[in-house]
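A.B. asks: Given next are the chains, with one letter for each unit.
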Amino acid sequence: MGDVTRTPTNLTQGSQTRGGIGESTLRPDGTLKATGEFAYSSDLWHEDMLWGHTLRSPYAHAEIRSIDISEALQQAGVYAVLTYEDLPTEVKNYGLEIQDTPVLAHGRVRHHGEPVALVAADHPETARRAAAKIKVEYAELPVVTDEASATAPDAPLLHPGRDDHHSGHVTHPNIVHRQPIVRGDAEAARTRADVIVSGEYEVGMQDQAFLGPESGLAVPAEDGGVDLYIATQWLHSDLRQIAPVLGLPEEKVRMTLSGVGGAFGGREDLSMQIHACLLALRTGKPVKMVYNRFESFFGHVHRHPAKLWYEHGATRDGKLTHMKCRIVLDGGAYASASPAVVGNASSLSVGPYVIDDVEIEAIALYTNNPPCGAMRGFGAVQACFAYEAQMDRLAAELDLDPVEFRQLNAMSQGTVMPTGQPVDSPAPVAELLRRVKAMPLPPQKQWESAGESADVRALPGGLSNTTHGEGVVRGVGYAVGIKNVGFSEGFDDYSTARVRLEVVNGEPVATVHTAMAEVGQGGVTVHAQIARTELGVTQVTINPADTQVGSAGSTSASRQTYVTGGAVKNSCEAVREKVLEIGRRKFSTYHPAWATAELLLEGGKVVTDGGEVLADLVDVLEDAAIDLELEWRHRPTEPFDLHTGQGQGHVQYSFAAHRAVVEVDTELGLVKVIELACAQDVGKALNPLSVVGQIQGGTTQGLGLAVMEEIVVDPKTSRVRNPSFTDYLIPTILDTPTIPVDVLELADDHAPYGLRGIGEAPTLSSTPAVVAAIRQATGLALARVPVRPEHITGT
Amino acid sequence: MDFLRPASWEEALAAKAEHPTAVPIAGGTDVMVEINFDHRRPEYLLDLNRVAELREWEVGEENVRLGASVPYTLIMENLRAELPGLALASHTVASPQIRNRGGVGGNLGTASPAGDAHPALLAAGAEVEVASVRGTRFIPIDDFYTGVKRNALAADELIRAVHIKKAAGPQQFSKVGTRNAMVIAVCAFGLALHPDTRTVRTGIGSAAPTPVRAREAEEFLAAALEEGGFWESGRTVPPSVARQFAELAAGACNPIDDVRGSAKYRRHAVTVMARRTLGWTWDEYRGFGRATEGNERCA
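Residue numbers (the UniProt record's numbering), protein chains in the order written: chain A, 1 to 795; chain B, 1 to 299.
Each hint should be verified, as a subset may be incorrect.
[Unchecked claim] SDA-like mimics (lysine to any residue), calculated; alpha carbons at most 20 Å apart, straight line: (1) B:Lys264 <-> A:Lys445; (2) A:Lys33 <-> A:Gln696; (3) A:Lys133 <-> B:Arg40; (4) B:Lys264 <-> A:Leu782; (5) A:Lys445 <-> A:Gly469; (6) A:Lys578 <-> A:Ser588; (7) A:Lys133 <-> B:Lys264.
[What the hints assert, rightly or not] Partial pick of chain A residues on the chain B-facing surface, computed with a CB cut under 7 Å: (8) Val170; (9) Asp399; (10) Asp401; (11) Gly604; (12) Glu638; (13) Asp641; (14) Met708; (15) Leu734; (16) Thr736.
[Stated by the list, open to error] Partial chain B-side listing against chain A, Cβ under 7 Å, derived: (17) Thr29; (18) Met32; (19) His91; (20) Thr92; (21) Ser174; (22) Lys175; (23) Val176; (24) Asn180; (25) His194; (26) Arg198; (27) Asn254; (28) Tyr265; (29) Ala269.
Keep in mind the hints are simulated off the structure, nothing from the lab.
Everything numeric in this text was worked out from a predicted model, so none of it was measured.
C-beta atoms are modelled at their ideal positions from N, C-alpha and C, and glycine is treated no differently.
Chain A extracted, bound-state conformation (with noise of 0.2 Å):
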């Protein structure tokens, strides 16, 4: 067929893709997920399949002195009980950078419950009365909770003999790793300051809480491996982890990404993945596991809790003279993320301000708490807490405007960060606090305005029905805050998508094939309507994730639209290319421009950029498939220096501010967030309906830490108290408050069509605001997040 050309004549002008980039195109999922007929790796089902269930211990810190198996392998139905003697390669271990969390527990429990053995059985029901008949001797340890604990000189050692790359940099075994930025002169800077405020400041553990509990399916294949069905953040990551401890080269553990209830960083680490590959290859039949929400809440990591003492200076004038700050992150029993939370923690400590001179230290701790690691802010949330309370202090101190104040010092292009890297695209942070700050405040007294009757739902406490109006106070507070987008600290931060263009019933049809998680950040819409603009094509067919491709990096950091869709456009671009090659080779002697002009595709034709149609898509590629698997990388970064901090290592920042508006009641010390305004540097609006959504997602969870979201962790016993919906609050929608978003678009020429990450930075300064607010409506100090109504009575 191919040797049968048309002459492209009789073409109808005129080419607009539709559904492209900056189309608010709708979510394919999204009617499913509404509805509830969305299939969540939870609904995975197999033939003859077992259910896996893990025993987890109920000790903090304990030696294991003997497991005894043999009741719970001796009741029916069940096919196996695995404890770490069963594992069946020298590799025992995992992690995301430092191999040092136990697939099963060896000896020894680090916190309240690691997994300790397994079982798989017909009937869930069964699997769990099977791991209740598991004898586990425990001899508890003396925990270590803190600071304090971890660095005494006598102090129990998570990992005694660790020879990682960072137990040589760090001044106690017990920290996991330490980074100390330091630029200027501090002291010689501290002496020009008419004013200085020094405060402590601490965040409370966050949960990530997403909706879908980890859960997957591993079946036994024929060739000795195994297919993994699962939901995740990082397929490839997860596999680099799983293959060794199952001894199986990485291309017998076939991975495909099953739906994803939501992740905000708590599916970066592995939960369940190995733990049912092991029991599928042991009985040779496919496994499900699937954590309750109880489980859940030991099957994570969590967000680093953390203590933050900090010191600025000001002049009279309000020019912000030095900082210094000490931020001690608790990373619980093993490492997780928590090296690089350091690093995010360290080099965002002064936030988005201009402060030449610094001395900053952060550092993350081995405890016998639960394990911290990603979540959503990723180590700047906890500093944005710290640094806009001071900034709100300052203003007070030099009777400024806390706005005013903000602006004064803000940061912007052109800026040196405290790591040396000058900030070489838009920085608008003087300009986004001067638009919430611009918006109309919500009108006093809604719960009056309804009608005659007080609207509870409008005043705190809501449903609860505690006030009619009485002991209610308004504040209003402001927040801004900075992220970096994308990996960090010279990672080599890639993606990889496949792009395939052929015709398909007379039609362009275009498919992307990546590996990237959709956890719900909309990456299945953004890198259709990338494909539309890139080739000219309707029709775009999304392949399934899995590990049949390269990696697309993790589903954090703000970076999937930012590297997966930059590799998604990469690759376009390259398949385009050999588009207009094979139609040049075809039609350049029917129209001069085919050699002479910049060619598009548009609407299924290729095109001038002047707009004139020179050929059908269709008519150029006939039969052929153009096929393309490319790798795509953002622009290097490099490590920061040990001891000075100094390095190029981020690729990018973002920007959010947010003012709160809340009514406090006074006398009970409950909360009602009225509004919440975010306005946001996003770069590009790919998907603008998308953009909204994360922005009021992202400042829903900041509200989430700034009233009621908190792990509590007995101090005495580092053992959790409330894995529960029930005593873990998240904010259900009437806590969530009207949210405006103001949506900014200054290109970064560095990034595909000049994108931001934009997932993160909405949840750092949703917090401080809404924190700002309390404070300004009840005159307290309030140091301490998430706010409870003991903090605000006095009880």
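On the provided structure of chain A, position chain B as indicated by the hints.
C.D. replies: Only chain B this time, still in chain A's reference frame:
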């Protein structure tokens, strides 16, 4: 675990007599949580959902006979005038989905101090109709709660209905939680004025091992209202009386520190709720009030 599904009340009683360890389940608000958390693995579950009469209510001269399984949603929608305190409390139970399934019988069966219905039942005055194959008896609500998550039921008895006094005066219910909806009580307070008998009754939730009344507070307030001629005059209750009432209410608490709140906060919150609910009910009694404000709109 065996699942017993009696088709009638008589069958249910027979099943409970035969299997006294059977745990009755209707909406499952508490029972399913306990099973999911593995706090309890009953040998038998006794499903009462086929017993239709449990979802019925009757409004009599003096009382409302409320079937044990009448869902909270129906209480909110249909019994607001007769049982205003319970209707307000019903509104604070969990989520709309759970309010569509859960009923007062479950709260009574679990007898958790955090059950939202208890303060309203204590304040209104109620009797619990319980039955077994041996017969029927009526347990005054004041005698119903016997300990932490324990009640006065015998092993072979089931809760059939609650007989609640129709409101002769204003009632209020207020609950503190650290979220604006769908939250378990940190503590709760119910107040009912009974102008017909010139008494007041209270109920406190989550601030003692069982739901309790603040009897001293009730007696103090009733005496103060009587002595000052307030029932007749409808004058404003002096702040000193409200304060004393609130402090006595807090005195009836015996709270603990737990993950939901401190004991000190619970006492403090009961003080505030007692004072405010007194203000709301008294305003309504005087004819100024809009006691159940806002809630019609939220139904």
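A.B. asks: Provide an ascending list of the numbers of those earlier hints which the structure does not satisfy.
C.D. replies: Structure breaks hints 1, 7, 8, 9, 10, 11, 12, 13, 16, 17, 18, 25, 26 and 27.
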